[in-house]
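Residue strings, one per chain:
Protein chains: 2
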Amino acid sequence: MSGIGIIATLRVQPDKKAEFEAVFAELAPAVRANEPGNSFYKLFRTAEAGVYKVLECYDDEAAVAAHRASDHFRTLGAKLGPCLAGAPEIESLPGV
Amino acid sequence: MSGIGIIATLRVQPDKKAEFEAVFAELAPAVRANEPGNSFYKLFRTAEAGVYKVLECYDDEAAVAAHRASDHFRTLGAKLGPCLAGAPEIESLPGV
Chain A
1 MSGIGIIATL RVQPDKKAEF EAVFAELAPA VRANEPGNSF YKLFRTAEAG VYKVLECYDD
61 EAAVAAHRAS DHFRTLGAKL GPCLAGAPEI ESLPGV
Chain B
1 MSGIGIIATL RVQPDKKAEF EAVFAELAPA VRANEPGNSF YKLFRTAEAG VYKVLECYDD
61 EAAVAAHRAS DHFRTLGAKL GPCLAGAPEI ESLPGV
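Residue numbers (UniProt numbering), protein chains in the order written: chain A, 1 to 96; chain B, 1 to 96.
One thing to keep in mind: the hints can contain errors.
It does not matter which identical chain is meant; a pair holds if it fits inside one copy or across any two.
[What the hints assert, rightly or not] Derived lysine to any residue pairs resembling SDA-like cross-links, with alpha carbons at most 20 Å apart:
| id | residue 1 | residue 2 |
| --- | --- | --- |
| 1 | 17 | 61 |
| 2 | 16 | 64 |
| 3 | 53 | 94 |
| 4 | 17 | 88 |
| 5 | 17 | 63 |
| 6 | 16 | 33 |
| 7 | 53 | 95 |
| 8 | 16 | 60 |
| 9 | 53 | 4 |
| 10 | 53 | 92 |
| 11 | 16 | 96 |
| 12 | 16 | 94 |
| 13 | 16 | 36 |
| 14 | 17 | 36 |
FYI, nobody ran anything at the bench for these hints, they're computed from the structure.
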């Protein structure tokens, strides 16, 4: 096994999309700049309005834990939470 | 919009998993080494046996087209096809 992929599906409230995207525009570069165990972290829209997917890749479980414990994720994640219309769906994928 | 993400879901025949993974082990580095418009290309297992997901990211539609037209994708893709148990599902995601 090599690496861990994550597909995070986030459903955003209709009137919060601009705010959500603005917070994410801070979060994504902070992840890439400060997490040596992260190799990819990017936000995408889907075909369904208000539904986003974040594609992520980490070296190992320790890198995933470091992401979740990071100051930038905690601080900016707290701003993302109120934009969401439901709990995030997280699919964790072992790398081949 | 910035970039195009792709989640390709591939269902592999039970007795073809090793062959599929071996071909992919050639394909992934060829994509990363030869496609300047590709920024991520990695194979993952899922929770369902024999079902894989490829997470991909390209700069733009021209880079996606260049991927599909590349010699490495055509040559190695021809070896992947017989390993599959059905048509790939391709989800294309516009970057935010």
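Verification of the hints:
no. : hint       : in the structure
1   : 17 with 61 : neither (30 Å within a copy, 25 Å between copies)
2   : 16 with 64 : neither (27 Å within a copy, 31 Å between copies)
3   : 53 with 94 : both (18 Å within a copy, 10 Å between copies)
4   : 17 with 88 : within (15 Å within a copy, 31 Å between copies)
5   : 17 with 63 : neither (28 Å within a copy, 28 Å between copies)
6   : 16 with 33 : neither (26 Å within a copy, 39 Å between copies)
7   : 53 with 95 : both (18 Å within a copy, 9 Å between copies)
8   : 16 with 60 : neither (33 Å within a copy, 27 Å between copies)
9   : 53 with 4  : both (16 Å within a copy, 12 Å between copies)
10  : 53 with 92 : both (13 Å within a copy, 11 Å between copies)
11  : 16 with 96 : between (37 Å within a copy, 15 Å between copies)
12  : 16 with 94 : between (32 Å within a copy, 19 Å between copies)
13  : 16 with 36 : neither (31 Å within a copy, 35 Å between copies)
14  : 17 with 36 : neither (29 Å within a copy, 31 Å between copies)
In summary, the numbered hints that this structure violates are 1, 2, 5, 6, 8, 13, 14.
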